[in-house]
Amino acid sequence: MNAFTPDVTFDLAEAPLRELNAALHAATGDSNARRWRVLNPNGRHALAAGVDAPLTIEVEGHVGYYCAGMNQHAHIIVHGNAGVGVAENMMSGFVHVRGDASQAAGATAHGGLLLIDGNASARCGISMKGVDIIVKGSVGHMSAFMGQAGSLIVFGEAGEALGDSLYEAKLFVRGAVKSLGADCVEKEMRDAHKALIAEKLAAAGISGVDIGDFKRYGSARRLYNFHIDNVDAY
Amino acid sequence: MCGIVGIFLKDAKLEPELGSMLASMLCVMTDRGPDSAGFAIYGAGDAEHVKFSLRAAEGFDFQGLAHSLSLTSGGTPRVTVRATHAVLEVPAAHASEVRAALARHPDVALVGAGTRMEVFKEVGLPSAVATRFDLGTMRGTHGIGHTRMATESAVTTAGAHPFSTGDDQCLVHNGSLSNHNALRRALTREGIAFATENDSEVAAGYLTWRMKQGASLGAALEAGLKDLDGFFTFVVGTESGFGVLRDPIACKPAVMAETDRYVAFGSEYRALVDLPGIAKAKVFEPEPATVYFWDRAA
Chain A
113 MNAFTPDVTF DLAEAPLREL NAALHAATGD SNARRWRVLN PNGRHALAAG
163 VDAPLTIEVE GHVGYYCAGM NQHAHIIVHG NAGVGVAENM MSGFVHVRGD
213 ASQAAGATAH GGLLLIDGNA SARCGISMKG VDIIVKGSVG HMSAFMGQAG
263 SLIVFGEAGE ALGDSLYEAK LFVRGAVKSL GADCVEKEMR DAHKALIAEK
313 LAAAGISGVD IGDFKRYGSA RRLYNFHIDN VDAY
Chain B
4 MCGIVGIFLK DAKLEPELGS MLASMLCVMT DRGPDSAGFA IYGAGDAEHV
54 KFSLRAAEGF DFQGLAHSLS LTSGGTPRVT VRATHAVLEV PAAHASEVRA
104 ALARHPDVAL VGAGTRMEVF KEVGLPSAVA TRFDLGTMRG THGIGHTRMA
154 TESAVTTAGA HPFSTGDDQC LVHNGSLSNH NALRRALTRE GIAFATENDS
204 EVAAGYLTWR MKQGASLGAA LEAGLKDLDG FFTFVVGTES GFGVLRDPIA
254 CKPAVMAETD RYVAFGSEYR ALVDLPGIAK AKVFEPEPAT VYFWDRAA
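So the sequence lines, in the order shown, correspond to chains A and B. Each number in the numbering used here comes from the position in the first sequence (counting from 1) with 112 added on. Each number in the numbering used here comes from the position in the second sequence (counting from 1) with 3 added on.
Hints listed in this document are in silico derivations from the structure and should not be mistaken for laboratory results. All C-beta atoms in this analysis are idealised placements derived from N, C-alpha and C, irrespective of residue type, glycine included. One or more of the hints may lead you astray.
[What the hints assert, rightly or not] Straight-line Cα separation of at most 30 Å, DSBU-like style, residue types lysine-lysine; simulated pairs:
1. K306(A) - K290(A)
2. K248(A) - K285(B)
3. K255(B) - K248(A)
4. K215(B) - K248(A)
[Said to hold, decoys possible] Just so you have them, the derived chain A footprint on chain B, three or more residues with Cβ under 8 Å:
5. 246-258
6. 286-293
Take these sequences, add in the hints, and give me the full structure.
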């Protein structure tokens with residue numbers, strides 16, 4: 113187990129998940145109960161979903177679907193793998209999966225930072241609306257499908273149809289891309305984009321990565337009604 | 004939805020616990036499939052005998068059936084009755100005569116046959132089904148199971164999984180196939196027999212047909228990617244092996260865990276949490292359109 117001194121330790125082998133989530137929803141971050149450790153998650157669904165306070169939550173094991181969904185303000189660290197839809201619809205905060213993430217990681221998320229140390233499978237960042245996602249491994253097919261805003265930074269490879277029907281999400285992939293989806297094209301990597309990657313990696317506490325290795329992908333803007341006058345909206 | 008599970012042992016010391024491991028996995032998957040449940044276990048057996056897994060109405064006289072078969076099966080077959088099912092063991096030399104004789108009993112359904120495979124399935128909650136057949140006490144080398152939430156055909160015992168269409172071969176399926184009617188007609192012409200209108204049985208029949216033509220389980224699954232249209236995660240058992248295949252868009256969930264003692268499959272990680280040493284297992288999501296299989300002979 114990692115070095116971390118929790119204010120509250122919650123063992124899901126002893127008490128039900130509903131009780132944990134209710135306690136997390138009641139916590140404001142103003143009290144002494146800011147640092148939580150969750151034991152025996154055993155793949156349960158919707159663990160720490162809907163947290164709306166600046167808490168730090170360390171989960172010791174694998175989680176099921178929708179972990180950290182709708183997160184606002186909290187730091188949620190999963191010491192294991194995450195099931196479908198981790199951090200889906202996140203608004204703000206930081207979610208860190210130490211293992212692999214299943215499908216639709218960070219789906220529809222508006223803000224915050226999602227860091228995945230392992231691989232993310234299909235549809236990572238589907239319909240992302242402003243979240244920043246960093247995947248140290250590879251992402252599966254249809255990642256960033258209909259991505260509207262935010263960034264997806266992939267250290268490994270991307271599966272088929274990356275960025276299909278993309279709006280204005282910014283995609284950066286270091287390894288091979290199996291294929292690009294409709295209206296997604298490779299774009300020139302300018303200094304502003306390198307600065308953007310550097311900023312996101314710094315926010316995630318990652319150093320020593322050669323930013324020059326990444327390629328940039330974005331929307332060709334032929335599929336949706338992009339108008340330059342609306343660029344500030346993204 | 005549906006829940007599927009499977010386990011393939013590498014360490015023979017776990018064989019007495021196969022049934023209890025599978026029962027625990029099956030019960031956790033109840034909320035993915037509360038309609039019915041079923042499982043196949045690869046237990047003891049030898050090349051000289053064939054086991055017929057039979058199903059009949061509650062209280063059916065399986066012993067009487069066995070006696071009535073004694074002339075065709077070269078002596079009264081050994082019978083093990085478990086609730087609505089029974090396993091009849093007959094000398095392999097008489098297997099085809101017994102099969103023909105069983106076909107003359109419309110009140111008895113043949114759910115599977117093989118040297119080592121036994122198949123049990125029933126309508127009801129998975130925990131009730133597991134208890135009814137005493138799954139927890141069964142032993143074997145590998146097994147697969149299914150909890151069903153019916154979509155393509157009615158909630159009946161016949162529509163429950165696993166489906167077996169060839170000796171020692173069975174399949175569980177999460178998903179739905181869209182070209183099963185055309186494929187069933189084509190396979191019927193090739194001599195594959197189907198007992199239901201279920202789409203998953205067609206997938207089982209397809210793999211049986213491929214393996215009859217000499218394909219390995221892995222090659223049969225690979226060919227299925229081209230010929231089966233629809234959503235699927237399959238877990239398939241053969242006498243010596245265990246395979247997994249997901250459709251190219253990975254519509255249905257799958258998680259696997261591997262240790263030096265076993266390989267386990269679950270629709271969700273929850274199904275695997277009670278397995279021994281799971282905390283140290285390599286847990287991964289099988290890739291779409293990628294054939295995975297493990298073989299005892301290898």
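Against the structure, the hints:
Restraint check for K306(A) and K290(A): satisfied, since their Cα atoms lie roughly 23 Å apart, inside the 30 Å limit. The hinted pair formed by K248(A) and K285(B) meets the criterion: a straight-line CA distance of about 18 Å does not exceed 30 Å. For a cut-off of 30 Å, the pair hint linking K255(B) to K248(A) stands: about 25 Å separates their Cα positions. Distance hint between K215(B) and K248(A) is unfulfilled; the C-alpha atoms sit about 44 Å from each other, more than 30 Å.
With 4 residues carrying a beta carbon less than 8 Å from a beta carbon of chain A, the segment 246-258 of chain B meets the three-residue requirement, and the given coverage holds. Coverage of the segment 286-293 of chain B by chain A holds [criterion: at least 3 residues with CB-CB distance below 8 Å; count 5].
Consistency with the previously given hints fails for number 4 only.
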